[in-house]
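Taken in order, these protein sequences are the chains called A and B. Taken in order, the first sequence gives residues 0 to 286; the numbers are from numbering that gives the first Met the number 0. Taken in order, the second sequence gives residues 0 to 181; the numbers are from numbering that gives the first Met the number 0.
Treat the hints with care, since some could be wrong.
As the list claims (entries may be wrong) - If you want the footprint, here are the derived chain A segments under chain B, 3+ residues with CB under 8 angstroms:
1) 98-107
2) 137-149
3) 173-180
4) 189-199
5) 215-228
As the list claims (entries may be wrong) - Example chain B residues on the side facing chain A (calculated, C-beta under 10 angstroms, incomplete):
6) Glu37
7) Glu39
8) Asp46
9) Arg49
10) Cys81
11) Leu84
12) Met128
13) Asp147
14) Gly151
15) Arg155
16) Cys156
Hints in this document: simulated from the structure, not taken from any laboratory. Here the structure is a predicted model, which means the values were calculated and not measured. Note that the Cβ used here is the ideal one computed from N, Cα and C, for glycine as well.
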Amino acid sequence: MKPAPFDYVMATSVADVVNHLAEDEREVKVLAGGQSLVPVLNMRLARPQVLVDITRVPDLQTIELTPDGELRIGAAVRQTDALEHPLVRRDWPAVVSAIRHIGHPQIRNSGTVCGSLAHADSSAELPAVAVLLDARIQVVSPRGSREVRAADFFLGTFTTDLAPDELVTAVHFPPSPAGTRHDVSEFTQRRGDFATVGVATRVARRADLLSECRAVFFGVGGTPVRVPTVEDVLVGSDPTTADWAAVATLLAEALSPPTDVHASAELRLELAATLLQRSILSAWELC
Amino acid sequence: MTIKKAAAPRSPVTPRLVEPTAWRHVDLEVNGSTVSTEVESRLLLSDFLRERLALTGTHVGCEQGACGACTVLLDGRAVRSCLTLAAACTGREVRTIEGLAEDSLHPVQQAFHDHHGLQCGFCTPGFVMSITELHEREEPVSEDELMDQLCGNICRCTGYRGIERAARQSVRVATEGGADDE
Ligand SMILES: Cc1cc2nc3c(=O)[nH]c(=O)nc-3n(C[C@H](O)[C@H](O)[C@H](O)COP(=O)(O)OP(=O)(O)OC[C@H]3O[C@@H](n4cnc5c(N)ncnc54)[C@H](O)[C@@H]3O)c2cc1C
Ligand code: FES
Ligand code: FES
């Protein structure tokens, strides 16, 4: 199908975008890479009246290191650009792994990092990694700018803390604590599909035990999910000999994944437990 | 003289004024030629190529990014033309399957010919453009990258073996351990 009629604006500055979001009486939507929005338009599941294309705004096109040593990825940066960036490859391996799991290279050549966060698909990898790494999302609107912690940003499937007139300008990923290692593991029906279930993990090792263990699941509910009870039992254990059956029981108590055409809730729980073990052991081996 | 107005026929559908939609000017390069024209804002790049430029080699399957039949190169990168607005392509360079062969087949097309990489041919332009992105890359491509790229296109006929062989013939694949890998 073809999109319903709309007006298209190629924005030239952040102020220009904010102006359109604030002033235009019509229903305005931000267009980034279009890899989630255009399918929705083609299927006529949405009929915005104006699309404001942010990909040509120079201020949004950069990847840089902030004075605090954080990685700043602007809202027009495509997933491929981030994946190929030397700084990202060297110091943010979890971001690299997340992007490698996104669809196909042909999708990542257009899709943006921040667009994935703003879109907030419940099975998307980048929102989970944003939560894992304590990322902060930078937002502007006519009311000024603000910053939202990733943990507070995702409210439900396709639902975030963003107001309709707010623009994400960038995401900041703090550097990971020394000695931590990461992994992103997921189950997909076919290579490149959206994940049925996945998990992003971060661990550290001291005296052959886990001194840090963080796990953020995706595809198990509306938002990225952390399970504190599981993280607590794993810290202080040796993951190669841990009681993974007990961990699976804790997971089943904490998660209530959906049943849909792709998988039943039971299968999702089983996948969550299997992937958690696999992911933590992979990260552990890098320690 | 008076004209008697005929009674309006009753229509089962209430007539409704369709809002005139916005048009945008675009200047872009397509297969080396400059194209300068007006496009409706909502026009997809795939339809622009097929309907306005008669470049019907770019095929349209799903129009939701899943099948890859509509893949073209945009500034050298393989993208879905069904998820790209023509209006957004101003100042950019598009290459389609029609832009590959010169006097003889392009090496990627020749590889498809050599290895029976097609049957009905519906998916072929998309596969060829996806593989051309890697064919033109200077540094060698890892095994994983090659497979990821091929998985971005769907073929209902061949069973993929011929396509994979064609890709291996036309892309420089890094030998085990030599590539940048996770
Ligand atoms: C075949 C296919 C497979 C895919 N597989 C995966 C996958 O496995 N994992 C995955 O995570 N994703 C997947 N995606 C989605 C892809 O990652 C998208 O690129 C991403 O979700 C959205 O980014 P975008 O730049 O394309 O945003 P767009 O499609 O342009 O926008 C998406 C939404 O976010 C809003 N938005 C975008 N940027 C901003 C901003 N800066 N400020 C405010 N609002 C904004 C838009 O208004 C829109 O509502 C897939 C897509 C396709 C077509
Ligand atoms: S028609 Fe564009 S991906 Fe299927
Ligand atoms: S050759 Fe028929 S779909 Fe691929």
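Here's how the hints hold up against the structure:
Counting residues of the stretch 98-107 of chain A whose CB falls under 8 angstroms from any CB of chain B gives 6; the rule of at least 3 is met. For a cut-off of 8 angstroms, the count of residues in the stretch 137-149 of chain A with a CB near a CB of chain B stands at 0, and the three-residue condition is violated. Proximity of the stretch 173-180 of chain A to chain B, defined as three or more residues with a beta carbon under 8 angstroms from a beta carbon of that chain, is not established by the 0 residues found. As drawn, the stretch 189-199 of chain A meets chain B at 3 residues by the rule of a beta-carbon pair under 8 angstroms; at three or more, the given contact holds.
Counting residues of the stretch 215-228 of chain A whose beta carbon lies closer than 8 angstroms to any beta carbon of chain B gives 0, which falls short of the minimum of three for the stated coverage. Contact between B:Glu37 and chain A, as hinted, is not supported at the beta carbon level, the nearest pair being about 12 angstroms apart and thus beyond 10 angstroms. Checking B:Glu39 against chain A: minimum C-beta separation of about 8 angstroms stays under 10 angstroms; hint holds. Restraint check, B:Asp46 versus chain A: the minimum CB separation of about 7 angstroms is within 10 angstroms; hint holds.
Hint status for B:Arg49 relative to chain A: violated, with the closest Cβ pair at about 12 angstroms, above 10 angstroms. Look at B:Cys81: its Cβ gets to within about 7 angstroms of chain A, closer than 10 angstroms, so that hint holds up. Interface restraint check for B:Leu84: the shortest CB-CB distance to chain A comes to about 6 angstroms, inside 10 angstroms, so the restraint holds. Nearest Cβ of chain A to the Cβ of B:Met128: about 9 angstroms, under the 10 angstroms cut. The hint holds.
Interface hint at B:Asp147: satisfied, since its Cβ lies 6 angstroms from the closest Cβ of chain A, which is below the 10 angstroms cut-off. For B:Gly151, the interface hint holds, since its Cβ comes within 10 angstroms of a Cβ in chain A; the closest pair sits about 3 angstroms apart. Here the hint on B:Arg155 is broken, as its CB sits about 14 angstroms from the closest CB of chain A, past 10 angstroms. Checking B:Cys156 against chain A by beta carbon gives a least distance of about 17 angstroms; that is not within 10 angstroms, so the hint is violated.
Taken one by one, the earlier hints fail for this structure at numbers 2, 3, 5, 6, 9, 15 and 16, listed in ascending order.
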